[in-house]
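*Asks:* Assemble the complex: chain A is given as a structure, and chain B must be docked to it using the hints.
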Amino acid sequence: MNVRDETKSSLPEELVDEAMEWLVRCSIDNCSEVDHQKLELWLQRDDAHREAYELADLTWQKLAQLPRSQCSPEWFGIQPPVTPAPDPALIQSKKAQGWRRPWAWGGASAAALVVVVWLVGAAQIKPGVTLYNTQVAEIKEVMLEDGTLLALGAETTVGVTYTDSRRTVSLDRGEVFFDVASNPKRPFTVSSAALNITAVGTAFEVSRAGASVDVAVVEGIVDVASRSQTSKEADVRLTQGQRVKSVGGALLSVETVAIDAVGAWRGGELAYVRAPLSEIISDADRYYSGTIEIMDASLSDLSVSLILDAGDTEGLLNTLETVVPIRVSRLSDGTFLITRPYEG
Amino acid sequence: MSVRERHAINVADVFYSDSGNGRDPEGVLLANKELSAVINALESMPEKRRVVFLMSRVEGLSLLDISKRLGISRPAVSKRLLLALKELRKATQRM
Chain A
1 MNVRDETKSS LPEELVDEAM EWLVRCSIDN CSEVDHQKLE LWLQRDDAHR EAYELADLTW
61 QKLAQLPRSQ CSPEWFGIQP PVTPAPDPAL IQSKKAQGWR RPWAWGGASA AALVVVVWLV
121 GAAQIKPGVT LYNTQVAEIK EVMLEDGTLL ALGAETTVGV TYTDSRRTVS LDRGEVFFDV
181 ASNPKRPFTV SSAALNITAV GTAFEVSRAG ASVDVAVVEG IVDVASRSQT SKEADVRLTQ
241 GQRVKSVGGA LLSVETVAID AVGAWRGGEL AYVRAPLSEI ISDADRYYSG TIEIMDASLS
301 DLSVSLILDA GDTEGLLNTL ETVVPIRVSR LSDGTFLITR PYEG
Chain B
1 MSVRERHAIN VADVFYSDSG NGRDPEGVLL ANKELSAVIN ALESMPEKRR VVFLMSRVEG
61 LSLLDISKRL GISRPAVSKR LLLALKELRK ATQRM
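Chains as they are written, first to last, in this note's numbering: chain A, 1 to 344; chain B, 1 to 95.
Just so you know, these hints were derived from the structure itself, not from any lab.
As the structure is a computational prediction, the values presented were derived from the model and not from experiment.
Keep in mind that the hints are not guaranteed to be accurate.
Just some of the chain B residues that point at chain A, by a computed CB distance under 8 Å [said to hold, decoys possible]: (1) V51; (2) K86; (3) L88.
In silico BS3-like pairs for lysine-lysine, Cα to Cα no more than 27 Å straight-line [as the list claims (entries may be wrong)]: (4) B:K68 with B:K79; (5) B:K48 with B:K90; (6) B:K86 with B:K48; (7) A:K38 with B:K86; (8) B:K68 with B:K48; (9) A:K245 with B:K48; (10) B:K79 with A:K245; (11) B:K33 with B:K90; (12) B:K48 with B:K79; (13) B:K48 with B:K33; (14) B:K86 with B:K68; (15) A:K245 with B:K68; (16) A:K38 with B:K79; (17) B:K90 with B:K79.
Beta-carbon label-pair distances, calculated as ranges [stated by the list, open to error]: (18) B:R74 with A:L331: 39 to 47 Å; (19) A:N318 with B:G60: 22 to 30 Å; (20) A:Q37 with B:A76: 22 to 30 Å; (21) A:D47 with B:G60: 29 to 37 Å; (22) B:N40 with A:L306: 33 to 41 Å; (23) B:I39 with A:E18: 23 to 31 Å; (24) B:A76 with A:G268: 44 to 52 Å.
Using N, Cα and C, we set each Cβ at its ideal position, and we do this for glycine too.
So here's chain A without its partners, still in its complex pose:
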């Protein structure tokens, strides 16, 4: 596709730099009335100034389309991601294994299966780390050797490391619902982006998109600690019905959450309470083989509360179309584009 490149220009670099300073000061940030007037004067002084400002603004608009899913965890310099398992043998889909509720198998067989995976996994990836993956639209339950249950949402990668003294799960992408078997002598910790999440005999959910991590607690107590050097926020303790979001290691305020909504995706449902549209689309995208794109950055922050069927992408977008002011278009290759509705 031939996309015209509007960020290339013959404008002097210094002028574009100056325009960017104005953009950050007066458009991205809220500047004073005086600064606003100064900007107006600067824009009126020369057509090239206006052109440079438009160029700066265009760059900013384009960068809004950087998807969260493309934001590598390494960008925060904190935790190298576990390499996704290339071997399909490691990917135990429910269907392939005839897998029902894993705990129905009894502890011994569940443990045996884990050992097999561990041996295969250890040879190829990292000693001691067992990887579990899910594909687009796949939901999988995994019972670990200690009876802890992990429910993996779509496009999720976790690495499990169990030693005699501790149990560690790293969440590289996606969402996991944890039902942890209590054992105070072997603390259970989830690491995701810049967070360490520690639980003792509890049920909670962790979801991750790029550097953004969400923790919600259904039962018991969970400690959430930031490993980021850039954050000066205090760590938090969550109890039943609480959630906290973290961006790049900085913890945002603790909110209450409906327990029923946490992990609702395990039943193929996606539940949202005042969530930004961008988050819903990012989730829906993981359950869809094609692409869903928000074309207008200003729509990303639309607040939405509803429960959706994860597997039915078209129905899901249909529902969204009726509750928020968006228009959904489908291209012939299956891509969905979300734009503003027609005027009038």
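*Replies:* Showing chain B alone in chain A's frame:
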């Protein structure tokens, strides 16, 4: 409006949204090559700068919120964001 109606959409209109009644900058797509350039630039960017950029543009936080969350001054946030923005533009320009 139903998705199943499969709106006839002109892809060119999405990419070149300045046809007709003035340009709509929000409709301009980040081309794949540019996206790769941005990702490469972010990978090599100093962490402090990158974190501010991601919080602002990807997470949509205000500069005031970012300064509170990182415990740094607002001018420091502006400065880091500006540096990130300049770097990212130069990266896409080299394409």
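*Asks:* For each hint, tell me whether it holds in the structure or not.
*Replies:* Results for each hint:
no.	hint	verdict
1	V51	holds, 5 Å
2	K86	holds, 6 Å
3	L88	holds, 6 Å
4	B:K68 with B:K79	holds, 15 Å
5	B:K48 with B:K90	holds, 19 Å
6	B:K86 with B:K48	holds, 15 Å
7	A:K38 with B:K86	holds, 22 Å
8	B:K68 with B:K48	holds, 15 Å
9	A:K245 with B:K48	holds, 20 Å
10	B:K79 with A:K245	holds, 26 Å
11	B:K33 with B:K90	holds, 14 Å
12	B:K48 with B:K79	holds, 11 Å
13	B:K48 with B:K33	holds, 25 Å
14	B:K86 with B:K68	holds, 24 Å
15	A:K245 with B:K68	holds, 15 Å
16	A:K38 with B:K79	holds, 19 Å
17	B:K90 with B:K79	holds, 17 Å
18	B:R74 with A:L331: 39 to 47 Å	holds, 42 Å
19	A:N318 with B:G60: 22 to 30 Å	holds, 26 Å
20	A:Q37 with B:A76: 22 to 30 Å	holds, 25 Å
21	A:D47 with B:G60: 29 to 37 Å	holds, 32 Å
22	B:N40 with A:L306: 33 to 41 Å	holds, 37 Å
23	B:I39 with A:E18: 23 to 31 Å	holds, 27 Å
24	B:A76 with A:G268: 44 to 52 Å	holds, 45 Å
In summary, this structure violates none of the numbered hints.
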